[in-house]
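> The residues making up each chain are set out below.
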Amino acid sequence: MADYLPHTPDEVGEMLSFIGMGSLDDLFAHIPEALRLAGGLDIPAGRAEPDVAVEVARWGDANRAAGLTCFAGGGAYDHEIPSVVRALASRSEFVTAYTPYQPEVAQGVLQALFEYQSLVSRLSGLPIANASLYDGATALVEALNLAHGATGRSRMLVSAGVHPHWRRVAATFASGTGHEIEIVPLRDGVTDWSSAHAGDDVAAVVAAYPNYLGALEPLDAARTVANERGGLLVVAGDPVSAALVRSAGEWGADVYVGEGQAFGTPLSFGGPYLGLFAVREDQVRRLPGRIVGETVDAEGRRAFVTTLRAREQDIRREKATSNVCTNQTLIAVTAAIQLGWLGTRGLAEVARACAVGAHALFDEVTSLPGVAPAHGSPFVREFAIRLARPASEVVEAMAGEGILAGLSVGALTGGADPSIEDPDHVLLVSVTERRTRAELDHYVSTLGKVVR
Amino acid sequence: MADYLPHTPDEVGEMLSFIGMGSLDDLFAHIPEALRLAGGLDIPAGRAEPDVAVEVARWGDANRAAGLTCFAGGGAYDHEIPSVVRALASRSEFVTAYTPYQPEVAQGVLQALFEYQSLVSRLSGLPIANASLYDGATALVEALNLAHGATGRSRMLVSAGVHPHWRRVAATFASGTGHEIEIVPLRDGVTDWSSAHAGDDVAAVVAAYPNYLGALEPLDAARTVANERGGLLVVAGDPVSAALVRSAGEWGADVYVGEGQAFGTPLSFGGPYLGLFAVREDQVRRLPGRIVGETVDAEGRRAFVTTLRAREQDIRREKATSNVCTNQTLIAVTAAIQLGWLGTRGLAEVARACAVGAHALFDEVTSLPGVAPAHGSPFVREFAIRLARPASEVVEAMAGEGILAGLSVGALTGGADPSIEDPDHVLLVSVTERRTRAELDHYVSTLGKVVR
Amino acid sequence: MMAAMPGARAASAPLMGREVEPTMFELSVTGRSAAQLRTTGIAPRDLGEIIPSEHLRDAPLETVALSERDLVGHVTRLTHRQFSVDLGMYPLGSCTMKYNPKFCDTVAGDPRLASVHPGAPAALTQGWLELLVTLEERLCAITGMAGVTLQPAAGAAGELTGLLLMRAYHASRGDVRRRVIIPDSAHGTNPASVTLGGYEVTTIPSNDRGLVDLGALRAALGPDVAGIMLTNPNTVGLFEEEIAEIAEAVHEVGGLLYYDGANLNAIVGVVRPGDMGFDIVHMNLHKTFATPHGGGGPGAGPVAVAPHLVDFLPGPRPTRLAEGYGWGEPAHSIGRVHGWHGNALVLARALAYIEVHGSDGLARVAQHAVLNANWLRRRLAETLPAAYDRPCMHEAVLTASPIKSATGVKALDVAKALLDEGFHAPTVYFPLIVDEALMFEPTETESVQTLEALAQAIESIAQRAGSDPEALRAAPRHTPVGRVDEALAARVLKSTEDAARPR
Amino acid sequence: MMAAMPGARAASAPLMGREVEPTMFELSVTGRSAAQLRTTGIAPRDLGEIIPSEHLRDAPLETVALSERDLVGHVTRLTHRQFSVDLGMYPLGSCTMKYNPKFCDTVAGDPRLASVHPGAPAALTQGWLELLVTLEERLCAITGMAGVTLQPAAGAAGELTGLLLMRAYHASRGDVRRRVIIPDSAHGTNPASVTLGGYEVTTIPSNDRGLVDLGALRAALGPDVAGIMLTNPNTVGLFEEEIAEIAEAVHEVGGLLYYDGANLNAIVGVVRPGDMGFDIVHMNLHKTFATPHGGGGPGAGPVAVAPHLVDFLPGPRPTRLAEGYGWGEPAHSIGRVHGWHGNALVLARALAYIEVHGSDGLARVAQHAVLNANWLRRRLAETLPAAYDRPCMHEAVLTASPIKSATGVKALDVAKALLDEGFHAPTVYFPLIVDEALMFEPTETESVQTLEALAQAIESIAQRAGSDPEALRAAPRHTPVGRVDEALAARVLKSTEDAARPR
Ligand SMILES: Cc1ncc(COP(=O)(O)O)c(C=O)c1O
Ligand SMILES: Cc1ncc(COP(=O)(O)O)c(C=O)c1O
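Protein chains in written order, with my numbering: chain L, 1 to 452; chain A, 1 to 452; chain C, 1 to 503; chain H, 1 to 503.
Pulled out of the complex, with its shape left as it was, chain L reads as follows:
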């Protein structure tokens, strides 16, 4: 019998009599008897917090993955999260606030979101960012919807280099919107745009940068396809690599989408994460989700407020640009704080350490027998290798040695895929700035033993 209710039995009695009722059940008396639950819910009775904590600990202990040295990536990365970011992002004023509907008492969240938008804008190289979406995958869906709204068309050319889960999510939502999604296959890790079906009825051309197999492909090809076929260029970009490589904006993207977990959010078994979303100015009225703008208060002081609300569902209802309401504000605020901690120098250092570490590991593992590069394209911080044994077996075996070796591409794609052949033998490996020389050595020697 545990809960967080203040009411004493006396108070309940007085309150009931004040409203002219005799019992708590009377409050529900107008609900047809037949609908009311007899005998209570079929779940265990309440237990005090410390009793529940015992069970939570049991679940935690059953997660062997929690203790492993992480070389898995695929859109979820094991980056440093300093104490200071955890402390600030967990301030209860942020955590226990609602969406900032009353700006006069929500300047904290609003200004943090403004800062977040500014940072996403710089990362993406595009002028307008929104205040977050659920995750990278759903950000892609919103980008397709935006492209549809902008062009009136429904055909989407999506590179097979886009994360397989994102492609799957896009396909799911396309069943509602009716968008036709054409997956354009990769050749040696890089999109073969020439193989896309002909036609200038394209709403969006979607490229990943780098793509999910780690490969960097020059985006002028995608931009050209978009130009030729009249669609928007949507770039799904890794925001950490963005500190080293050209931004989506520089490549000519109309829309940027990305996964922002890398900025201060733990791996979290996949969520809550952070959908990054930015656009050129001409798409601002089609922006999904919220956007915070600067303004002034009655006395002329700077203030922030959610703006352009006429796009939103609570006003436009069925004509809204998106149905997103609750988004991932706290994760966006966290990202702003983490980027504030990193600063220009730290972000560059992280990106560089990832890249240098990944290339060191790549060079070393690909010289092992039974291990080969899965494609020949350049990469930043994540790479794919083809193994003599099924990747899932290798992951299992290396877990026994304390290493989460990476992700089986076969498991990610769920089987045959236009991105790569025989994905079950391909392992996706990522190195973050947290990985040390000793950990790399251990990886190489263990993989050497296991892969045979």
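I should point out that these hints are in silico values taken from the structure, not numbers from a laboratory.
Don't be surprised by glycine CBs; every beta carbon is placed ideally from N, CA and C.
The hints are all genuine.
Covered by chain L, per the in silico footprint, the following chain H stretches (three or more residues, Cβ under 8 Å):
| hint | segment |
| --- | --- |
| 1 | 30-37 |
| 2 | 56-69 |
Pairwise CB distance ranges (calculated):
| hint | chain 1 | residue 1 | chain 2 | residue 2 | range |
| --- | --- | --- | --- | --- | --- |
| 3 | C | 251 | H | 109 | 53 to 61 Å |
| 4 | C | 62 | H | 251 | 57 to 65 Å |
| 5 | C | 31 | A | 22 | 14 to 22 Å |
| 6 | H | 111 | L | 396 | 27 to 35 Å |
| 7 | C | 48 | H | 17 | 56 to 64 Å |
| 8 | H | 466 | A | 319 | 34 to 42 Å |
| 9 | L | 319 | C | 207 | 21 to 29 Å |
| 10 | H | 498 | A | 180 | 30 to 38 Å |
| 11 | L | 192 | C | 48 | 26 to 34 Å |
| 12 | H | 123 | A | 437 | 27 to 35 Å |
| 13 | H | 466 | A | 17 | 25 to 33 Å |
| 14 | H | 109 | A | 369 | 39 to 47 Å |
Position chains A, C and H with the ligands against the provided structure of chain L, taking the given hints into account.
Positioned in the frame of chain L, the structure of chains A, C and H with the ligands alone reads:
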């Protein structure tokens, strides 16, 4: 090379030139050359936080005690500390504030201390509590100093039931004050006041309730001694047991001292803890440390402020009632929050669960062969047993089975002691509300095996 | 002097007062950084060696440059400009801003949960799988449904998922349907989701009791109706008593009933959507199950379905196996609706909340939520009459229209004045069908003393509406900024540091 | 209605404004409790069965009765009424209110440190012992001394420990000494500690350069002098340049030199007390080593000593053994000065801070602390002149006496007005030897931008002192309460909820 300094090299240069100096070294140029350190400190170079974290984790892992089920007490108890108390007590406004010298911007700490004082007053049954002292042991020292000030005398009759460490601390500080401390021995766990040397020159009579061996002795005897010899009665009381047993005030104490760790502070290898201190009204001008009082602000609103400052060292200097300046404010605030969480009901439940658990365990272990009660007095939540084997060996052996079995009284007293015979064979065992039936069972069966 | 240096006034702000807080960008001084990274011991290498130059940035990416101390000061000061549940009452109707137990924060922060990579194989993540399966089972029991997906990241995502399930179900029967019915009181996400689900919205009016007009519903029904979306209690806080009749009517034409669970807090443990005849149910875990709202998210919007829809659920689903747990794909899955497995740490919080309360505690939640709302409604009856004069559920839609006619003071002014009294405002102008609506949802975690204080604050505002309406229109004044110029923000968009400043 | 119920206004308070926060007691309603305890499964038993009735309470102990929600609201609102380093600049002289790295909080919160029982045998606490020994070694290196005790819980406890060491040392040589010399600028804890150490205080004046008057010192010295207590830099922020001569003079009469390390931040890594000739040194870890001050503690005041005093240190001491670590008792130990091993978690924080900075970082700390102080001193020279016109160390004692003579506005008024400007006040009226003293210690973690903002705020205050002195005397106004009636508090003591209210 890690630090938390904001200065960029450019700024350092500009600042130096503003003050007319050429280099950072110039700032120290007026210090005789011979005194300045050549070559830097002989400690390792700085390391980034995550590198230091690796070392901290190594230290942590080397503490086998951290993982054991705790039956050790002796003034430091393993009580429930809920998430809510941790979250509130770690709010940075409390953590990073200084002593409330400017009340207009320190109402948070001041009001929390006022609430703390109110709670300590109720626990002790005495009207005036201070805003905390370092720990229970130093609180006792302050009580002796107060008694000296109140009576002009220097002889202190201290029951051997007072915690051996506290007695040792009192002896240390008596070398400065010149107090003569007479330890009055226990007989079957209870102070034998009749054995105290004669004389009505006594400043303080100090009794423990319950005493460190767990024993409860009626305090009318001590009160009578104090009355007869003209000293103050100082009661060192367990504040958790206070929810069940008569308060120091009810027994007629003039001064209450106690250790407040039990209220929201982890075991912490012994500190920071919390010295509880309360007195009758007639001793208020001799109160050591700070006290917060209620008042009003310029507009008549309720406000809090540290008061009766004329006692304090920053004003009275060598004539101050005590030299305490920095105390344990954050731990006091934590205790207030924990007591707020517990409430009347929760505190009683905790005390009762401790007592019931301790008596269950006592009954069960004392029926084991090789285990006997160390004294015949009643107890609340901690008890002493005499073992066939040295207690330290038993503690060592039971640690191998995941149990911190208790404290060796021999280790606590450091050898022969007027509180008990052959202390090396006596084990002090404590049970808190966190201990379960299964843990007690495990204890009993393990002790049964080990003690033979 | 150094007044012209970059870095703004990095210092302090008054503990109270209306000082503007500089942005991170304004606080930046090139060269500063708080970052401390691990020493990896990996040999450095030139970027040009490992990444082809056509990809490399021309100029470094400039973000911000702060000392850790200034970052901490900045963010902490921002939090002092932010209201929250932990600071006071937040009676925002439809949002269920109840107290969020700190224990659930601890659960979500446990590194044994939080540090698990979502792509790690099932054998390495058995604890998470058990947790998710347990939560699914609890949510099924709570809703009276047969299966659940935990993937949707928020309520709206749950709605769209539900509509796609509806579509898949009809499609599987070769049934092409065009329309989804929504009451005019519905939350805006419902119509938006319907559109994204590929359906047309048919709006039906509420009757004068604030409920679905059964006649209008019947008139709107037909074989092209895929289903209906309802909240129950609905958005005016009233229970749709004729829900059985509604269900029958919709089912009769082959439509499905979708339950928008944003108001589940009113009935959790007391009535189950499944027993009312719903086929699809989403829940807002950030409402009923007290996962904190985070200033606008993250939330979680699991969708529970009746047996005939289980095979269509998004996959992969966590599954109990003969031994241990694994992932399974429903036979006719609509596919993923989230990049991984949903907002997992939010799910863990919600499960912790459910386990603490249990069957008995959850029922108490609903009882006390409804008690509080009815007490407040009654207590305010003379000041802000209820839009519908009958017992409400967990929230009460009141109206400021008498005040407005008498004084010209609007619902918005009342709301802003409440901010000055130390309360968050209720939801204003929603639902759209009530004039000058003020929608109060006290939730079960507020005491009657707090409700009384709120009532007194409102009474005082109502009095001042007569005596000094101008002052109310100038409210709030005890807030970090005064009333905000929303029109300016929309007219000249400045949504980043780099955009020009509106003036 | 229910207006007469107990429980006060449990709700909210304006995000800004001067609403009084009720006490926990006022918020209480009998019957409420937030506590959730573990289910132990231990059979309940009647108290009367296990505790003799003469000991049992007659009436239950009433404390408070709050819901968790109200507790959270109450405490969180209290924190919004509290200034702190994390909110802004805290230039409180002598207190070294620098930024406290959050990393050190994490270290102190690590359950592998925090959950260790202090009485567990050495074999089970090897990590803690290594940590303490490492910290001792670092502190020896930093101070230039031979041994350290970590037991003292704060600076004043360190002082008294040091004086007892002095006493034990002299006693061991059969040397009875009566007096300890202290400069008139000393912090109040010094004389108080001397008294508790059983000595008489001999106060010597400072010379007009703010330093020890060597002549006066020599005159005060004699064979009955046990030692001298000094801070260096001293409490006016100046380095005692003749420290070598002072040391020689004191040592010549057989006295010892005690170093009050509260100002160590000025010289850490640059000059060592040991090299100046000190025999005993205490450090305030809550100052130099950035362990947060907690609103008034806990701190830690380790004492380091020269070789001839090591055998007298408090015991038991953590010790490095041939294998692993243990506890050892110094040969002539003065005994324990703490119930256990000192404020261990504070010690862990300090060590983490030291390890991050290292030898290079600690020297930078001192350099930048001194740079900031000198910059501020120079920047304010026209407004608040320095008490002594020469380069200062880490803090600068300025004086408001020109302002006072010109306008009647006192140092206290300037301090209170600064609160309104968003800065914590400097230390006022200390040291006692400077008229209208305002003692600023900016610390090294504040940026020059912040210093500039402080300077501008002070300039503005100085201007207003001329134009509107009354307004300054009424400051502060942007604070949760206005200027507080300290006299009333002292006249009618109400220090608990149960005492009568002063009016
Ligand atoms: C009635 C109703 N339905 C749906 C939603 C949408 O939920 P979410 O914001 O989680 O997407 C809300 C949330 O405000 C709501 O109140
Ligand atoms: C110069 C000086 N000495 C001694 C002390 C006393 O230190 P503590 O407050 O830690 O007891 C202080 C602290 O304010 C100080 O500034």
